[in-house]
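Undergrad: Going down the list, the protein sequences come from chains A and B. Sequential numbering from 302 applies to the first sequence in the numbering used here. Sequential numbering from 69 applies to the second sequence in the numbering used here.
A portion of the hints provided could be inaccurate.
Stated by the list, open to error - If you want a taste of the chain B side facing chain A, the calculated C-beta under 7 Å gives, among others:
| # | residue |
| --- | --- |
| 1 | Arg141 |
| 2 | Pro385 |
| 3 | Pro386 |
| 4 | Asn391 |
| 5 | Tyr394 |
As the list claims (entries may be wrong) - Now the in silico label distances, taken between C-beta atoms and shown as ranges:
| # | chain 1 | residue 1 | chain 2 | residue 2 | range |
| --- | --- | --- | --- | --- | --- |
| 6 | A | Glu312 | B | Leu181 | 26 to 36 Å |
| 7 | B | Val229 | A | Glu353 | 50 to 60 Å |
| 8 | B | Tyr496 | A | Val332 | 53 to 63 Å |
As the list claims (entries may be wrong) - If you want the ones that stay clear, here's a sample from chain B, every Cβ over 10 Å from chain A, calculated:
| # | residue |
| --- | --- |
| 9 | Asp152 |
| 10 | Gly544 |
| 11 | Ser612 |
Hints were generated in silico from the structure; no laboratory data involved. Remember, predicted model here, so these are calculated numbers, not experimental data. Note that the Cβ used here is the ideal one computed from N, Cα and C, for glycine as well.
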Amino acid sequence: MRFSENGFYIERYIKCGTCGVLIYESEGQPVLTHDGVTYCSQWCIDWKIAREKRRADLERPANLI
Amino acid sequence: MDLVTVNILESTMVSICREMGIVLMRTAYSTIFSEALDFTCGLANMNGDLMAVADYCPSQIGGMPLLVKSCLREIPATDIEEGDIILHNDPYRGGLHTPEHTFFKPIFVDRELIGFAVAIGHIQEVGGMVPGGFCGEATEVFHEGIRVPPVKIKKRGEDNVEVWKLLLANVRTPRINYGDLRALIAAVDLGESRTAQVIKKYGKVVFRETIHDLLDYSERRMRAELEAIPDGVYGFKDFIESDGVEEERTYAIEVEVHKSGGDIIIDYAGSSPQAKGPINATLGVATSAAYNAVLHMTDPSIPRNSGCFRPIRVLAPPGTIVNVDYPGPEVGGNTETHPRIVGTIIGAMANAVRDRTMAAEGGTHSNLVFGGVDAETGDFFICYDIAGVGWGGRAFADGNDAVDSINGNCRPTPIEVFETRFPWRVEYLAFDPDSGGAGRFRGGVGYTKQMICLNDEVICSQMTDRHVFAPWGLHGGRQGSLGATLVLKAGTQKWQTMREAYGKKSTSRYSNVRIKKGDRLRLVSPGGGGYGDPRERQRELIVSDIRQGYVSLAAAEREYGYKETSDEVL
Numbered sequence: 302m303r304f305s306e307n308g309f310y311i312e313r314y315i316k317c318g319t320c321g322v323l324i325y326e327s328e329g330q331p332v333l334t335h336d337g338v339t340y341c342s343q344w345c346i347d348w349k350i351a352r353e354k355r356r357a358d359l360e361r362p363a364n365l366i
Numbered sequence: 069m070d071l072v073t074v075n076i077l078e079s080t081m082v083s084i085c086r087e088m089g090i091v092l093m094r095t096a097y098s099t100i101f102s103e104a105l106d107f108t109c110g111l112a113n114m115n116g117d118l119m120a121v122a123d124y125c126p127s128q129i130g131g132m133p134l135l136v137k138s139c140l141r142e143i144p145a146t147d148i149e150e151g152d153i154i155l156h157n158d159p160y161r162g163g164l165h166t167p168e169h170t171f172f173k174p175i176f177v178d179r180e181l182i183g184f185a186v187a188i189g190h191i192q193e194v195g196g197m198v199p200g201g202f203c204g205e206a207t208e209v210f211h212e213g214i215r216v217p218p219v220k221i222k223k224r225g226e227d228n229v230e231v232w233k234l235l236l237a238n239v240r241t242p243r244i245n246y247g248d249l250r251a252l253i254a255a256v257d258l259g260e261s262r263t264a265q266v267i268k269k270y271g272k273v274v275f276r277e278t279i280h281d282l283l284d285y286s287e288r289r290m291r292a293e294l295e296a297i298p299d300g301v302y303g304f305k306d307f308i309e310s311d312g313v314e315e316e317r318t319y320a321i322e323v324e325v326h327k328s329g330g331d332i333i334i335d336y337a338g339s340s341p342q343a344k345g346p347i348n349a350t351l352g353v354a355t356s357a358a359y360n361a362v363l364h365m366t367d368p369s370i371p372r373n374s375g376c377f378r379p380i381r382v383l384a385p386p387g388t389i390v391n392v393d394y395p396g397p398e399v400g401g402n403t404e405t406h407p408r409i410v411g412t413i414i415g416a417m418a419n420a421v422r423d424r425t426m427a428a429e430g431g432t433h434s435n436l437v438f439g440g441v442d443a444e445t446g447d448f449f450i451c452y453d454i455a456g457v458g459w460g461g462r463a464f465a466d467g468n469d470a471v472d473s474i475n476g477n478c479r480p481t482p483i484e485v486f487e488t489r490f491p492w493r494v495e496y497l498a499f500d501p502d503s504g505g506a507g508r509f510r511g512g513v514g515y516t517k518q519m520i521c522l523n524d525e526v527i528c529s530q531m532t533d534r535h536v537f538a539p540w541g542l543h544g545g546r547q548g549s550l551g552a553t554l555v556l557k558a559g560t561q562k563w564q565t566m567r568e569a570y571g572k573k574s575t576s577r578y579s580n581v582r583i584k585k586g587d588r589l590r591l592v593s594p595g596g597g598g599y600g601d602p603r604e605r606q607r608e609l610i611v612s613d614i615r616q617g618y619v620s621l622a623a624a625e626r627e628y629g630y631k632e633t634s635d636e637v638l
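For reference, chain A alone in the conformation it holds in the complex:
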């Protein structure tokens, strides 16, 4: 979440690309990026990579796994 300088309104909603939680810049929350997407933690990046691999493996013919 990026608030305006005076705090009256929100300029941008920033969410984690995996878990979807709001990331508050003002609180100094870690903002990580991976492939141009914002994440709240390394766990969320790792999960996204593992999920993509798992799903790709499922789609691949069995003899290629």
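With chain A held as given, fit chain B onto it using these hints.
TA: Here is chain B on its own, set in the frame of chain A:
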């Protein structure tokens, strides 16, 4: 841990929450509170963790911690004073949908902030495009009514008049809204004073230690339940039929449940991108739905607080139907998409937890909203009317008949109250035989309500579902029946859908239909899916169903292979 004190304090706090709800019910002006009980009351600690909650509306129970924590990020505890009351409904900051207004009041003891009394209630009129808040054709949040960031509606015990004026200038029924908002304030006032008394009785140190132990105890109980479920990755996908805006388009809810030891991860990746129409869920809804589903599959005696939510991790990718991005519309996400998410998670776990899962339920609250100017009084009236559905059959029992959807726990308004308050006459209200899916344990039945308009004009909108995709059966059970909304215009002979009669994109989601005096509306609610092979159903249950009118003789013969014998009097 002193388990006796933990038990006494937990029970005391739950009683306080129930009493808060009773105050709310008795003092509110609108039927959505006084009859339907569409609210939840709870107590949170300084960190926003839920300490106790009453069993009112489950969709709000899981949402409460996120709501309180979101507020505390913008109004830090250091800025909160005794007598303040904070209001918040923003769906993009932890909220559930725009009508859901959250009030919380700090609990101070000897000038020290200990926690919060919290009440969430569905305010039936929030401005926006349609009377009653459920705009079935909204394409942005601004169509759905006023959005309130965390603000103090009371400061040090005094009304913040500017906030009141701003709120009440943006709704169609300011007098009724004022009464309902005051009822929510009365609830948190009571919760605050009762809890402060309890804290004084036990002392702050014992209270804090006991709450810490209570949350840990709930967590341990939940982990023990989860450990009994076989580890694995379980997947399921279900569909929502329409968003009210794009014709003939469907939306997937996809879930992967990763169960490992005492932890469970609910991953919604693969769900459809967010819809143009108002069926999107917020993060609060996606989180609450995951909690709701897990609570349905675990021991109901586990104390409901943030401790039992700790083992549950929710992954809701932004910009999808389960985590809408600003300024996407979202009002139907909390009522229609929430139960569908719960059903999808339960569907994923159906083989892992066979004895604690059920077939699909009706999964809609009907959500007929209407308003207009009363021809007799000249007053603007508004109603949010909820209908019951059939629940899914279970491993040990039939589905419940004609009760509110799984995330609501609300009550349909009694006909006598409905007709007294609003210009309709209800001509027919009855269970629909054969609407529950056949099964060893059949689905609960839905019902039909037919009513005639008595006012010159009533403006109707609706956000319902299950007109296209019937509730699925489980383990050989049959699907439940579809719902429907039909209109018979005065002087005509043909019942029509909203699409046929008014050119709407969807039969189940529409806005601002002008029903005239003498027009009739017929609302058909869906039945639940059946559980298990119908041929395994006990004969005495089939006979009982026929006798009581839940199942017709023809359906009993067709679905259950029933053959009447001379010793059975139907």
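Undergrad: Hints first: check each against the structure and report whether it holds.
TA: Outcome of the hint check:
1. Hint status for arginine 141(B): holds, given a least beta-carbon distance of 6 Å to chain A, under 7 Å.
2. Interface hint at proline 385(B): satisfied, since its Cβ lies 6 Å from the closest Cβ of chain A, which is below the 7 Å cut-off.
3. The interface hint given for proline 386(B) is met, as the beta carbon of that residue sits about 4 Å from the closest beta carbon of chain A, less than 7 Å.
4. Below 7 Å, beta-carbon pairs count as interface contacts, and asparagine 391(B) has one with chain A at about 4 Å; its hint therefore holds.
5. Satisfaction of the interface hint for tyrosine 394(B) is found here, the shortest Cβ-Cβ separation to chain A being roughly 5 Å, below the 7 Å cut-off.
6. A C-beta distance of roughly 30 Å is found between glutamate 312(A) and leucine 181(B), which places it inside the suggested range of 26 to 36 Å.
7. A C-beta distance of roughly 54 Å is found between valine 229(B) and glutamate 353(A), which places it inside the suggested range of 50 to 60 Å.
8. Checked against the given bound of 53 to 63 Å, the beta carbons of tyrosine 496(B) and valine 332(A), roughly 58 Å apart, stay inside it.
9. With a least CB separation of 18 Å from chain A, aspartate 152(B) remains clear of the 10 Å interface cut-off, as annotated.
10. The non-interface label for glycine 544(B) is consistent with chain A: the shortest C-beta to C-beta separation is roughly 27 Å, beyond 10 Å.
11. The claim that serine 612(B) is not at the interface with chain A holds, since no C-beta of that chain comes within 10 Å of its own (minimum 46 Å).
Hint compliance for this structure: every hint is met.
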